[in-house]
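J.: What follows is each chain in one-letter form.
Protein chains: 6
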Amino acid sequence: MFPLLPLLPLLLLPSPSSAADFCVADFSGPTSPLGFSCKKESAVTASEFVFSGLGAAGNTNNIIKAAVTPAFAGQFAAVNGLGISAARLDLAPGGVVPLHTHPAASELLVVTQGVISAGFISSANTPYTATLRKGDAMVFPQGLLHYQVNAGGITAVAIVSFSSPSPGLQITDFALFANNLSTPLIQKVTFLDAEQILKLKKVLGGSG
Amino acid sequence: MFPLLPLLPLLLLPSPSSAADFCVADFSGPTSPLGFSCKKESAVTASEFVFSGLGAAGNTNNIIKAAVTPAFAGQFAAVNGLGISAARLDLAPGGVVPLHTHPAASELLVVTQGVISAGFISSANTPYTATLRKGDAMVFPQGLLHYQVNAGGITAVAIVSFSSPSPGLQITDFALFANNLSTPLIQKVTFLDAEQILKLKKVLGGSG
Amino acid sequence: MFPLLPLLPLLLLPSPSSAADFCVADFSGPTSPLGFSCKKESAVTASEFVFSGLGAAGNTNNIIKAAVTPAFAGQFAAVNGLGISAARLDLAPGGVVPLHTHPAASELLVVTQGVISAGFISSANTPYTATLRKGDAMVFPQGLLHYQVNAGGITAVAIVSFSSPSPGLQITDFALFANNLSTPLIQKVTFLDAEQILKLKKVLGGSG
Amino acid sequence: MFPLLPLLPLLLLPSPSSAADFCVADFSGPTSPLGFSCKKESAVTASEFVFSGLGAAGNTNNIIKAAVTPAFAGQFAAVNGLGISAARLDLAPGGVVPLHTHPAASELLVVTQGVISAGFISSANTPYTATLRKGDAMVFPQGLLHYQVNAGGITAVAIVSFSSPSPGLQITDFALFANNLSTPLIQKVTFLDAEQILKLKKVLGGSG
Amino acid sequence: MFPLLPLLPLLLLPSPSSAADFCVADFSGPTSPLGFSCKKESAVTASEFVFSGLGAAGNTNNIIKAAVTPAFAGQFAAVNGLGISAARLDLAPGGVVPLHTHPAASELLVVTQGVISAGFISSANTPYTATLRKGDAMVFPQGLLHYQVNAGGITAVAIVSFSSPSPGLQITDFALFANNLSTPLIQKVTFLDAEQILKLKKVLGGSG
Amino acid sequence: MFPLLPLLPLLLLPSPSSAADFCVADFSGPTSPLGFSCKKESAVTASEFVFSGLGAAGNTNNIIKAAVTPAFAGQFAAVNGLGISAARLDLAPGGVVPLHTHPAASELLVVTQGVISAGFISSANTPYTATLRKGDAMVFPQGLLHYQVNAGGITAVAIVSFSSPSPGLQITDFALFANNLSTPLIQKVTFLDAEQILKLKKVLGGSG
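Residue numbers (UniProt numbering), protein chains in the order written: chain E, 1 to 208; chain V, 1 to 208; chain G, 1 to 208; chain P, 1 to 208; chain X, 1 to 208; chain L, 1 to 208.
Since the hints were derived computationally from the structure, they do not count as laboratory data. Just to be clear, a hint being listed does not mean it is correct.
Identical copies go unnamed one by one, so any copy, or any two together, can satisfy a pair.
Stated by the list, open to error - List time: in silico PhoX-like cross-link candidates among lysine-lysine, alpha-carbon distance up to 25 angstroms:
1) 65 x 201
2) 199 x 65
3) 134 x 188
4) 199 x 188
5) 188 x 201
Build the full structure now, drawing on both the sequences and the hints.
T.: As structure tokens, then:
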């Protein structure tokens, strides 16, 4: 009844495509300040929009009894350019995600199991802390120091999302004690005692 | 030992504060293109960064056997200005979130219970579909039509996050059939038959 | 009189150039989340900033009696990175641009000939409709469903501009009926009857 | 058949609304760096999304034989926050839009009548010029000096759009000669002769 | 000779003004996620674009022998909305700006007197350090931990600029030890010993 | 005491890296609308975050007795993608930076030696001028015409920063008189007399 072909040109805009819909990361291409290069749309399959890594518990058999499983652009190529990413957080009893920041994103955490004590500290040095139970959400504004601690008797699990495909993760202790920054310099810029610094460098693999 | 007071001015920058850390929504103030006005920082308490509404199952006793519980800026004032928000999705057996878009955000869904069949359609009219189990994540690029359907025998639950504090939600059926757009106009712009339109208008409360 | 050469270094900043002025698309290079790669400035000519395709009427000899002639970044390389693009809309008598969205841009339409009935529907399902005559402009906010219909006896023409070089275009009918999404799934996510779906799939070339 | 009411809560998200869809300017409220305050959505009518001022020819009975009729956020409240605006340009025979910039937007011009000679100059001082006929489009990158001149025997008309609701408009001659900047200062920063400056100050209403 | 009045309407666009040029902060109005409200343009004077506070040495008579004099939007109203701000840094001999971040901005430091040893640590825990002499510039990427230390025998001075009018400032030591976060919690999230924590809380005025 | 290895996976996120921390320009790669490609993080050294070119006086032995030494992304690769850049300004006695704009950035100037008279002109043609002494700062909003003139008896020096890594620089006189734009066209779009134009073309190297 209706002639079909004359309609198609309306939709099939002349290539090249414009990357307006999505930009699944092509890790073999150059990166730009806004993220990875885009795979050609014709090479993108539905499965690339799915990330299954958040289904399994992370390995919490470590000193912090915690695991963060990221689904950032580096692991979940489809979020590249879309302004969002996620991670799974596992906290065994006694577990802790030490004080850290995400330099490039705000974080929104939703507890799916257990109890988590969490908090962040503002630029005015005011702490904002809360005890979160299953289903509770908490938001941590961009770039501010924050932490999560298991506050219950069982493993706690949370789904966290970020306002960037590449939020970054800077754990204060690792920034200070897991590299070769000299102990006198660390003393100078943190007021910590040398013994304290050397003790933590030993734990975290730092030298100097 | 150390003189304390001379150090404080370094931190206590002269007010007024700059809203750089966060901007908890003040719903009584004016809105700007980027969101709600900010509450004064001195009036903000830790509990405002916590949202507990995602802990309880939504009421799925409706025709779509589904419920969306939003934690957008309108409900969760602390996400205002932070580039992120969340929601809980409950899908009873047989439940469906009908075809819809978020005009202002990409969505990242993580299944926390059950099985969900989901998909989106690109500007090139290509469908990208997947079956998601507990722990699976899927990303839906900004502004594109997508849906979620319970694909298992039990209620499915998902935590969804968005790349905007106010992602918007436009359900195609409601946009078409739940208002007074005239049936001839809808026919004209959708190619649907009048009987079909009138049938759905009746279901969804539309007139005309 | 004035010594010329010493002044030149002020202007001729050392290369490489910074792409600050413009970024004419190089379709042979990689794409980033923000658009196409830039041609080298030395290879860009004045004619690349001109697009002549909007001068000729589009072919409206099709089922919707309409034609959209895009000048997006994919067709008009010079708008890449500049936050704007355009298109020409031709609507023969009886013509219609079916319900659609632009996932990545707001649209501003200016009627240059004839009469157009247009409208968009908000997230709150409220329709905003108007009859537009020559010289009238209407703005369609980003990502919302909208349509344009010829409301006069002669061909209507409009110049439309977009707040993105790559606004995207998702026509609801084509997203639903011009691909292989299964009829039961479409029923499920749209409440449409199977007969209606099959009828439109036949018209628009879909299967399943 | 279907129970209607239980479905509605899915759509009718609890107020306050989130300003995600649009932000029609409320000129009585405060302005933010991103634009005007938003009118309450319940007070916004369809007619506010329509601007009729571009339909009538501007008055070109002036020294430049030209008129610019803006539909910026200040005149067309609905474009506030939407990243786009427009204007109509009328150029009588001999008419000119003198050298100017838009500090906050790129411009895309489409000729709808007559012939226009236009050009812009890059940071590298390279001119990019073209002769534009009906239907031709040209893009002027953000912040760069550009001009439009009638290059035909009849009045030329163009529809111009901008990548900002408030593009700004700085005409070089008016910036220099239509205020009280002192003649010696203008000499110093432009190398122009005092006689030339005084002559143009007289024409354009400047003093000093 | 030239008729003046007909030209003026081209320039004097109908008010209200659009805030496109600048948005000098009105501290008495509401704040938005992007910054302070704008003063009316007619009330803005030239002197508001000038900030004289960077001319005088800050008071370094404190435990860190350092002073930061900010010219952020809170102090220098004219930078509101303009994407930039500045500060003066004074480091007496032995002075230090302790480890800190700017949650919302990158920093660019230019030494104007003396010698400064500075560094930042990346998300990968890699330190990037340098010794900076008069005229040397160093950039510190957004949100990353960094420090500055006087590395010469005389007072060092630097002009620092930021990519935001409200960069924020979070000094790690003050975030940890200048408030009432409990010592056991700090132990838990930093691995520091209780004695160390209590010692620094005493110095910096914290409790708990 | 603490087992070290199990902790490391928390930090050492699987490569590829995400470019979240910084994006030092790789001038050999393609450019995107937002800037240069990023060097691989493993190839970036600390010295790349330091720029020493601002330490030496620029050569002011030219007709404007001024020199601008840029540290834009093209010269200082580390600022690429970080939203900031800088430059040094030297103004010998009698020196001037002629009227110019930065199409893509606001500018913040801090005087470090001497006296500078500076000003900008708004879209409303209002001049905002000031006399700046050592330590005074002035901000010039994006895209607006501005100038700097030595207003003292000694060489004046300033550190200027910009809200973009690639602010651009368009000097009005050079845009008009240092290329081959025809004299009649310049007359037409500036109202300047032909003699004046020809005189300045001769000085600045233009033809036509």
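J.: All hints are to be evaluated individually against the structure, with a verdict given for each.
T.: Structure-based check of all given hints:
1. Within a single copy, residue 65 and residue 201 get their C-alpha atoms as close as 19 angstroms, which meets the 25 angstroms cut-off; across copies the closest is 27 angstroms, which misses it.
2. Proximity of residue 199 to residue 65 under the C-alpha cut-off of 25 angstroms is restricted to the intra-copy arrangement: shortest distance 20 angstroms within a copy versus 28 angstroms between copies.
3. Only between protomers do residue 134 and residue 188 lie at most 25 angstroms apart by alpha-carbon distance; the minimum there is 22 angstroms, versus 42 angstroms within a single protomer.
4. Taking identical chains as interchangeable, the C-alpha atoms of residue 199 and residue 188 lie at most 25 angstroms apart whether they share a chain (17 angstroms) or sit on different chains (15 angstroms).
5. When the C-alpha separation of residue 188 and residue 201 is checked against a cutoff of 25 angstroms, the pair qualifies both within a copy, at 16 angstroms, and between copies, at 17 angstroms.
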